[in-house]
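> Okay, here's what each chain looks like letter by letter:
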Amino acid sequence: MTTTLSKPAPAPATSPTRQPTRFGRRVRKLNLPAGAAGWIWLAVIIIPIYYILITSFKSQAGYFSQNPLALPSNPTLENYKMVIANDFGRYFLNSVIVTLGATVPAVVFSFMAAFAIVRGSGRFLKSVNALFLMGLAIPLQATIIPVYLLIIKMNLYDSLLALILPSIAFAIPLTVLILSNFIRDVPNELFESMRLDGCSEWQTMWRLALPLTKPAIVTVAIYNGLGVWNGFLLPLILTQSPELRVLPLALWSFQGQYSVNIPAVLASVVLTTLPILVLYVIGRRQLLSGLTAGFSK
Amino acid sequence: MTSTTTLPGQRSGARRQRSNATGPLNWLVVPALILFLVFAIVPLVGVLLLSFTNWDGIGAITFAGVANWLRAIADPKMYHALGLTFVIMALSWVIQTPISLLLGVFTAGSQKYRALLAVLYFLPLLLSSAAIAIAYKALLDPNFGLAAGLHLPFLAQDWLGQPQLALGVVIFVVSWQFIPFHTLIYQGGVRQIPRSLYEAAEIDGAGRVKQFFYITVPQLKYTIITSSTLMVVGALTYFDMIFVITGGGPGNATRNLALDMYLTGFMANQMGQASVIAVVLVVLGLGLALLLQRLGGKDNNGSQLEGM
Numbered sequence: 001m002t003t004t005l006s007k008p009a010p011a012p013a014t015s016p017t018r019q020p021t022r023f024g025r026r027v028r029k030l031n032l033p034a035g036a037a038g039w040i041w042l043a044v045i046i047i048p049i050y051y052i053l054i055t056s057f058k059s060q061a062g063y064f065s066q067n068p069l070a071l072p073s074n075p076t077l078e079n080y081k082m083v084i085a086n087d088f089g090r091y092f093l094n095s096v097i098v099t100l101g102a103t104v105p106a107v108v109f110s111f112m113a114a115f116a117i118v119r120g121s122g123r124f125l126k127s128v129n130a131l132f133l134m135g136l137a138i139p140l141q142a143t144i145i146p147v148y149l150l151i152i153k154m155n156l157y158d159s160l161l162a163l164i165l166p167s168i169a170f171a172i173p174l175t176v177l178i179l180s181n182f183i184r185d186v187p188n189e190l191f192e193s194m195r196l197d198g199c200s201e202w203q204t205m206w207r208l209a210l211p212l213t214k215p216a217i218v219t220v221a222i223y224n225g226l227g228v229w230n231g232f233l234l235p236l237i238l239t240q241s242p243e244l245r246v247l248p249l250a251l252w253s254f255q256g257q258y259s260v261n262i263p264a265v266l267a268s269v270v271l272t273t274l275p276i277l278v279l280y281v282i283g284r285r286q287l288l289s290g291l292t293a294g295f296s297k
Numbered sequence: 001m002t003s004t005t006t007l008p009g010q011r012s013g014a015r016r017q018r019s020n021a022t023g024p025l026n027w028l029v030v031p032a033l034i035l036f037l038v039f040a041i042v043p044l045v046g047v048l049l050l051s052f053t054n055w056d057g058i059g060a061i062t063f064a065g066v067a068n069w070l071r072a073i074a075d076p077k078m079y080h081a082l083g084l085t086f087v088i089m090a091l092s093w094v095i096q097t098p099i100s101l102l103l104g105v106f107t108a109g110s111q112k113y114r115a116l117l118a119v120l121y122f123l124p125l126l127l128s129s130a131a132i133a134i135a136y137k138a139l140l141d142p143n144f145g146l147a148a149g150l151h152l153p154f155l156a157q158d159w160l161g162q163p164q165l166a167l168g169v170v171i172f173v174v175s176w177q178f179i180p181f182h183t184l185i186y187q188g189g190v191r192q193i194p195r196s197l198y199e200a201a202e203i204d205g206a207g208r209v210k211q212f213f214y215i216t217v218p219q220l221k222y223t224i225i226t227s228s229t230l231m232v233v234g235a236l237t238y239f240d241m242i243f244v245i246t247g248g249g250p251g252n253a254t255r256n257l258a259l260d261m262y263l264t265g266f267m268a269n270q271m272g273q274a275s276v277i278a279v280v281l282v283v284l285g286l287g288l289a290l291l292l293q294r295l296g297g298k299d300n301n302g303s304q305l306e307g308m
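First to last, the protein sequences are chains W and A. The first sequence: position 167 = 167 (my numbering), numbered continuously. The second sequence: position 290 = 290 (my numbering), numbered continuously.
For the record, the hints were derived by calculation from the structure and aren't laboratory data. Accuracy of the hints is not assured; some may be wrong.
[Unchecked claim] Chain A stretches covered by chain W per the calculated footprint, using a threshold of three residues with CB under 8 Å from any CB of chain W:
| no. | segment |
| --- | --- |
| 1 | 64-74 |
| 2 | 81-88 |
| 3 | 119-133 |
| 4 | 148-161 |
| 5 | 172-186 |
| 6 | 233-243 |
Every residue, glycine too, gets a C-beta built ideally from N, C-alpha and C.
Starting from the given sequences, assemble the full structure and let the hints guide the process.
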């Protein structure tokens, strides 16, 4: 793959809002090697996904007898019924609770902190900001053992709250960084006029800063939400009851339990991804910009 | 997404006038601060302390002095895990960076078919690591997976049973999973390169290849550093996917540091020993992040237009 892709130099980049220039024609000249490489890469990406999808609709007999890449000869929904009958609804609900329970407070608290850091002054706020910045460079997953100890000591082990609290904490540094960059972009005159109108900082935050930074808030919410939704390590370590499983963990134990029934296992893969796929179809731009929150420049 | 990322420490000029009433503002950071202190900073200190103790995960925690550290230094398994972590880091960087960079340039193009392909390229971003690992386990089955589907006998290997092959699989799947993300980063970077640079190059008669190496790559310097930092630091903590697809096996062939930490702590119940590994991970992560930022020069922020 590397060799096929490294040869062609793709066409010059064009900005999305470009205006037709007299060079427009030349730029649009066909670039066959790049196009070919692009289609090859599509195969690399799509074949596994196609395989997951078609296999999830095969019966077990079909799985063993048919060509693995052929469309199912007798498409069946049995696998999906089986996954749903295996408490999928409960795991789904757990994932929703943990994702919302972690994302909403993480974004709200980070927004408040970012507002204070941008608007305030003084040594206290400066040190808090420095602390959050330091948190960006640390691989927080490496602190999982003390987190486990802490959760036990707080009597939270094996509860959904045990997943929510560390998830909020891990999300805070990057969320504060991004939101404070956006709040800083709000023109000072607007803050000034709020002050002249006699608004308190609290009112300014909710009535001025919040509406003006809404796109950034949606972006970081998606970024954090997807991370929590797909998170595996925290649930693996901090819960043990089957009824508290979130989707990735349920997926893992399901494949351990039904390792011979590949179509059913792959149906569970499809079902756990479906909500995000729906989100992708509805709000692709938001989701993609959410994913690179803070990294694109 | 298009905002320039400026560190909060930096001033953005005279626009920002400090408010006088700072007292109430201090209270606004308290919820975030408390949560971050309790679940990130306390554990960060705690992991260092725990590395000097013995704890089985349930019973009492007893002081062990430097015993765990001495054992770790003398343990060949630890060096194996460390070496493996760097091998995975290096190989996945070498594979991911050129592909992501080229795909970033490719998808930044305004052609309709490219936009359509980009929508599909990003699909792996939606899947969890656990889901990807499970899918590949099925896909790599010699009898009922890809090899049989494509009628390519050389693909029918015992992929997860042979140490070298299993490592190759891990690196491939990691790349498959993360290339879309880095493509997205590069796409954003490419779209901010001023068109006038290419127009000037056209006039000078520079072809595509020249334009790519003399304009695109240098202009993407900071994007490359950002993406590489994320890849390298991320490689330290690859856990979920490897855990599900190989569990560290066969033998210890894919047991990197993150997996070694989990298996030592939560399977072998040696939390003190596992904390040593965790400290190594934290130090490596901080060191690598700082090193890469240093490589990128001091001002790594919003400098995409440098040289204009």
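> If any of the earlier hints don't hold here, list their numbers in rising order.
1, 2
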